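A.B. asks: Here is what each chain is made of, one letter per residue.
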Amino acid sequence: MNDLRILHLEKKYSKTAAAGQEPFVLQPVDLTIREAEFFTLLGPSGCGKTTLLKLVAGLLQADSGQLWLGDSELTAVPPEDRRFSMVFQQPLLFPHMTIEDNVAFGLKMQKVKRKKRLSLAQEMLEFVGLAGFESRFPDGLSGGQQQRVALARALVADPRLLLMDEPFSALDPGLREEMRELLSRIQKQLGVTVLFVTHDREEAFELSDRIGIMGNGRLLQVGTAMELYELPASTQIARFLGMKNIIPGTVHGGRFISNEGVFEFSAGNSVKAGEWCLILRPEALQLLAPGTPAPAGALLVRGEVGRMKFHHGLYQCKLHVGGAQLDCTLSRQQAESLAAGQVYDFFVLPDDLHLVGI
Amino acid sequence: MGRFISPVKIFLTLIFLLVIGLPFLALLLSSVSLNWQWPEVLPEAFSWRAWDYVLFGSSGTWQAIGTSLVIALVVTAVNIVLAVPAANALARYQFRGKWLMEAIIFAPIIIPPFVAVMGIHLTFLRLGLTETIFGVVLAHLSPTLPYMVRAVVISYNTLAVDWENQARMLGAGAIQRFLHVVLPHLLPGIAAGASLSILISLSQYLITFIIGSGQVITLPILLFPFISGGDPAVAAAYSLMFAGLAIVTLLGMDIALKNYYQTKKTVTGKI
Numbered sequence: 007m008n009d010l011r012i013l014h015l016e017k018k019y020s021k022t023a024a025a026g027q028e029p030f031v032l033q034p035v036d037l038t039i040r041e042a043e044f045f046t047l048l049g050p051s052g053c054g055k056t057t058l059l060k061l062v063a064g065l066l067q068a069d070s071g072q073l074w075l076g077d078s079e080l081t082a083v084p085p086e087d088r089r090f091s092m093v094f095q096q097p098l099l100f101p102h103m104t105i106e107d108n109v110a111f112g113l114k115m116q117k118v119k120r121k122k123r124l125s126l127a128q129e130m131l132e133f134v135g136l137a138g139f140e141s142r143f144p145d146g147l148s149g150g151q152q153q154r155v156a157l158a159r160a161l162v163a164d165p166r167l168l169l170m171d172e173p174f175s176a177l178d179p180g181l182r183e184e185m186r187e188l189l190s191r192i193q194k195q196l197g198v199t200v201l202f203v204t205h206d207r208e209e210a211f212e213l214s215d216r217i218g219i220m221g222n223g224r225l226l227q228v229g230t231a232m233e234l235y236e237l238p239a240s241t242q243i244a245r246f247l248g249m250k251n252i253i254p255g256t257v258h259g260g261r262f263i264s265n266e267g268v269f270e271f272s273a274g275n276s277v278k279a280g281e282w283c284l285i286l287r288p289e290a291l292q293l294l295a296p297g298t299p300a301p302a303g304a305l306l307v308r309g310e311v312g313r314m315k316f317h318h319g320l321y322q323c324k325l326h327v328g329g330a331q332l333d334c335t336l337s338r339q340q341a342e343s344l345a346a347g348q349v350y351d352f353f354v355l356p357d358d359l360h361l362v363g364i
Numbered sequence: 020m021g022r023f024i025s026p027v028k029i030f031l032t033l034i035f036l037l038v039i040g041l042p043f044l045a046l047l048l049s050s051v052s053l054n055w056q057w058p059e060v061l062p063e064a065f066s067w068r069a070w071d072y073v074l075f076g077s078s079g080t081w082q083a084i085g086t087s088l089v090i091a092l093v094v095t096a097v098n099i100v101l102a103v104p105a106a107n108a109l110a111r112y113q114f115r116g117k118w119l120m121e122a123i124i125f126a127p128i129i130i131p132p133f134v135a136v137m138g139i140h141l142t143f144l145r146l147g148l149t150e151t152i153f154g155v156v157l158a159h160l161s162p163t164l165p166y167m168v169r170a171v172v173i174s175y176n177t178l179a180v181d182w183e184n185q186a187r188m189l190g191a192g193a194i195q196r197f198l199h200v201v202l203p204h205l206l207p208g209i210a211a212g213a214s215l216s217i218l219i220s221l222s223q224y225l226i227t228f229i230i231g232s233g234q235v236i237t238l239p240i241l242l243f244p245f246i247s248g249g250d251p252a253v254a255a256a257y258s259l260m261f262a263g264l265a266i267v268t269l270l271g272m273d274i275a276l277k278n279y280y281q282t283k284k285t286v287t288g289k290i
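Those sequence lines, one after another, are chains A and B. Mind the numbering: the first sequence is residues 7 to 364 in the numbering used here, read in order. Mind the numbering: the second sequence is residues 20 to 290 in the numbering used here, read in order.
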């Protein structure tokens, strides 16, 4: 197996370029990326995700830690000998070379014969949908086309790992969507291992097999999109993933009581006493038909329905519960049976009650 | 489309002719004149004497042109070799005493060459470098290098490190990165610096005269006595030769550079 293993990789910047800034520290990271996996590092800017990417690339030297690919250690191998490749935020196509020569650049560095490397380049260009552009120069291409050439150039030499540093963030939204689909298709077809960096959570959720969430120089949580969404490890991650309805409270004697006293339920005895937050996903709040009893163990929520918005085929509505305001997602039928300003009963099944530490 | 020539354009053309064309005309007339003296507005007698002397006589003009060109080209080549790493360091790295390095490299622009060349002369005398082309080449480096470094520093400033990182991630080693990514980007800057270096080296009189001690004969060395001395016709002919040499050299370099880019484009012109 050619898994990429990151063992305790660490980096400190003692002095940052701008004076007065706090020194940045990337806390030791342990991570295994499986062969042919699409792994994304997701985090706000300045969280250390690009630093980690550059450490893996070898463009930065780690202070300590090791990097392994399968059975070979790469920690001290210079980047040009790692047989990785990288796509940056900018296409960075060499302006004095044709598209074809740009794509074949990596093969040229490996001393592949001209005829062979040009035919491989042509194949790869066809693969990214740019057949016929071989003899043009980069300045004659649009931004999206250039980034596609950059992708072809990175893939043509069959890299052991493809690193991508926010490659689509400089593109228009529509184009970005198209590029994601292209990348996803190509990654699956070629079975290339990808380490992708982005601050766009939709992009991460759409593309990745697994996601690592970073914040303040730490790798906070690793999991599939589903795992992260359903079981975020902390409120920081939940907030970063754009989750609504984060309700602070305390657990005492196995019972959770929200700070305003509105929500109270048994959290089970395994939960330690202390401060916790309850996360209610908007779609976990379900309408209780009048006159029917709530399922056993469910949390009952009685609230006044506020403004309703039609969005992506569903209704998003605000629910005023005590002093708190909750977001909840309702189907069209349910929503149309409600009237704004009225009080209704909702319930949440026990499996959907998720407590996270602060 | 009606043809409209703007008055500004006419004015600029006139200024151009007056300032640049007229002196050349005067030189041309002077070089073919015989005893052109005040108060004659135009020479009254013409003769090919000066040109005959310069081109065919025992004046050693052709040899001087050869020496001038050899010195200028070698100086420029050495400048390129010195300036590229220096510019890389100055443009990209922060190090202690950087201001001092910059001051030393750019000092010859500010300090009169005469001051420096006296010291250089003494040292070269001890080293036995005077009266040699090699010594003159070394001495020409000091007034030319600053311009070369300056031009290449500007080129480096516009080359983001990302380009080299990108090449690196595609498997390019240090030499390959320089050849395939850095050098093509620097080339226009190097060409600009080389033009200046050639021109400055060609027009050196004092340094060549002192270090070469009359044994290294370049065109300015031949030209100077005629200007300060008695024969304005010969001086004018030499001046024209000199201007021609500079123009031909620059044009040659320009064409070579254009050719370089042209071949890059024509290989792939079949869009």
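Please keep in mind that the hints were generated in silico from the structure rather than gathered at the bench. Careful: at least some of the hints might be erroneous.
[To be verified] Distance windows between CB atoms, simulated:
id	chain 1	residue 1	chain 2	residue 2	range
1	B	L218	A	G146	35 to 43 Å
2	B	W118	A	I252	24 to 32 Å
3	B	R111	A	E236	31 to 39 Å
4	A	D77	B	R111	56 to 64 Å
5	B	D181	A	G146	15 to 23 Å
6	B	L101	A	E129	41 to 49 Å
[Said to hold, decoys possible] Under 7 Å between C-beta atoms, here's a sample of chain A residues computed to sit facing chain B:
id	residue
7	Q67
8	E86
9	M92
10	M115
11	Q116
12	V118
13	F316
14	G319
[To be verified] Negatives, chain B to chain A, calculated, CB over 12 Å:
id	residue
15	G40
16	S66
17	L74
18	F75
19	S78
20	W81
21	F153
22	W182
23	N184
24	A186
25	P203
26	Y280
The structure presented is a predicted model; accordingly, all values stated were derived computationally and were not measured. Cβ atoms here follow ideal geometry from the backbone N, Cα and C, with glycine treated the same way.
A.B. asks: State the violated hints by number, sorted upward, taking the hints as numbered earlier in the document.
C.D. replies: When the structure is compared with the hints, numbers 2, 3, 4, 7, 12, 13, 14, 22, 23, 24, 25, 26 turn out to be violated.
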